[in-house]
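Residue numbers (my numbering), protein chains in the order written: chain U, 634 to 749; chain A, 3 to 115.
Everything labelled a hint here was simulated from the structure, so no lab data went into it. It should be emphasised that the depicted structure is a prediction, and the values quoted were computed from it without experimental measurement. For every residue, glycine included, the Cβ atom is placed at its ideal position computed from N, Cα and C. A few of these clues could be false.
[Unchecked claim] Far from chain A by the CB rule (all over 12 Å, computed), these chain U residues:
| # | residue |
| --- | --- |
| 1 | G649 |
| 2 | Q670 |
| 3 | S727 |
[Unchecked claim] Here are the simulated DSSO-like cross-link-like pairs (lysine-lysine), alpha carbons at most 30 Å apart as the crow flies:
| # | chain 1 | residue 1 | chain 2 | residue 2 |
| --- | --- | --- | --- | --- |
| 4 | A | K83 | U | K690 |
| 5 | U | K636 | A | K59 |
| 6 | U | K636 | A | K70 |
| 7 | U | K636 | U | K651 |
| 8 | U | K686 | U | K703 |
| 9 | U | K690 | U | K646 |
Listed below, chain by chain, are the residues.
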Amino acid sequence: DVKVTQSSRYLVKRTGEKVFLECVQDMDHENMFWYRQDPGLGLRLIYFSYDVKMKEKGDIPEGYSVSREKKERFSLILESASTNQTSMYLCASSLWSTGATNTEAFFGQGTRLTVV
Amino acid sequence: GQNIDQPTEMTATEGAIVQINCTYQTSGFNGLFWYQQHAGEAPTFLSYNVLDGLEEKGRFSSFLSRSKGYSYLLLKELQMKDSASYLCAVRDYSSGGSYIPTFGRGTSLIVHP
Numbered sequence: 634d635v636k637v638t639q640s641s642r643y644l645v646k647r648t649g650e651k652v653f654l655e656c657v658q659d660m661d662h663e664n665m666f667w668y669r670q671d672p673g674l675g676l677r678l679i680y681f682s683y684d685v686k687m688k689e690k691g692d693i694p695e696g697y698s699v700s701r702e703k704k705e706r707f708s709l710i711l712e713s714a715s716t717n718q719t720s721m722y723l724c725a726s727s728l729w730s731t732g733a734t735n736t737e738a739f740f741g742q743g744t745r746l747t748v749v
Numbered sequence: 003g004q005n006i007d008q009p010t011e012m013t014a015t016e017g018a019i020v021q022i023n024c025t026y027q028t029s030g031f032n033g034l035f036w037y038q039q040h041a042g043e044a045p046t047f048l049s050y051n052v053l054d055g056l057e058e059k060g061r062f063s064s065f066l067s068r069s070k071g072y073s074y075l076l077l078k079e080l081q082m083k084d085s086a087s088y089l090c091a092v093r094d095y096s097s098g099g100s101y102i103p104t105f106g107r108g109t110s111l112i113v114h115p
């Protein structure tokens, strides 16, 4: 079974704190993604990575950074947490391929972050 | 950029058939996914279409028309456990040459007895 594991299910942090969200996958996937999910807005892409040390900005990268030092691990960093970053954060991974059918994303269980 | 549109909410009766539509506009289409997400859980993969036509998987089918920028997910013989959010996602080329799935806002399906 493909497994994508996020380090925390629930997290409460204070405004201004530096926050690390960790994600690990065990399927040797090239692609890894960080999304946030908010009611009425759906899943929005923050950052993604297609290889070690490679990253690209998604639709809403402001206030976030990422790190991918190893293929299996993709970290999301909130440099200075703010209340508008309270959200559900979902990590996902997938194979990198131009046309194979088994390129769906596999998601972690999510981290519900509350910034107070 | 992309624009993906799907209805916010639908209701249906147990045992019935429901069709959830998704329309999209994209510059570099490379496939469309449907995911199911139960409340409080992670999305799970249902289907993938890259060519026009219907893909059938048990009670679930997904259809794609690339020329119309249109897809639908068809759920037959609805069960109470099908109450969930259904997410349409379009895979597109990023500026860096990678393939990124972009999600619609999801359709919340409520199945009642």
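Now for the hints, and whether the structure bears them out:
1. At roughly 29 Å, the least C-beta separation between G649(U) and chain A is larger than 12 Å, which holds for a residue marked as non-interface.
2. With a cut of 12 Å on Cβ distances, Q670(U) falls inside the contact zone with chain A, its closest approach being about 9 Å.
3. Not every C-beta of chain A lies more than 12 Å from that of S727(U), the closest at about 8 Å, which undercuts listing it as non-interface.
4. Of the pairs offered as hints, the one joining K83(A) and K690(U) is violated, with about 36 Å between alpha carbons and a cut-off of 30 Å exceeded.
5. A hinted pair counts as satisfied when its Cα atoms are at most 30 Å apart, and K636(U) with K59(A) qualifies at roughly 23 Å.
6. Pair hint K636(U) plus K70(A) does not hold up; C-alpha atoms about 36 Å apart against a cutoff of 30 Å.
7. Between K636(U) and K651(U) the CA atoms are separated by roughly 27 Å; this keeps the pair inside 30 Å, and the hint holds.
8. Taking the CA atoms of K686(U) and K703(U), the gap is near 8 Å; set against the 30 Å cutoff, the hint holds.
9. Straight-line distance between C-alpha atoms of K690(U) and K646(U) comes to about 24 Å, which keeps the hinted pair within the 30 Å bound.
In summary, the structure is inconsistent with hints 2, 3, 4, 6 from the numbered list given earlier, while agreeing with the others.
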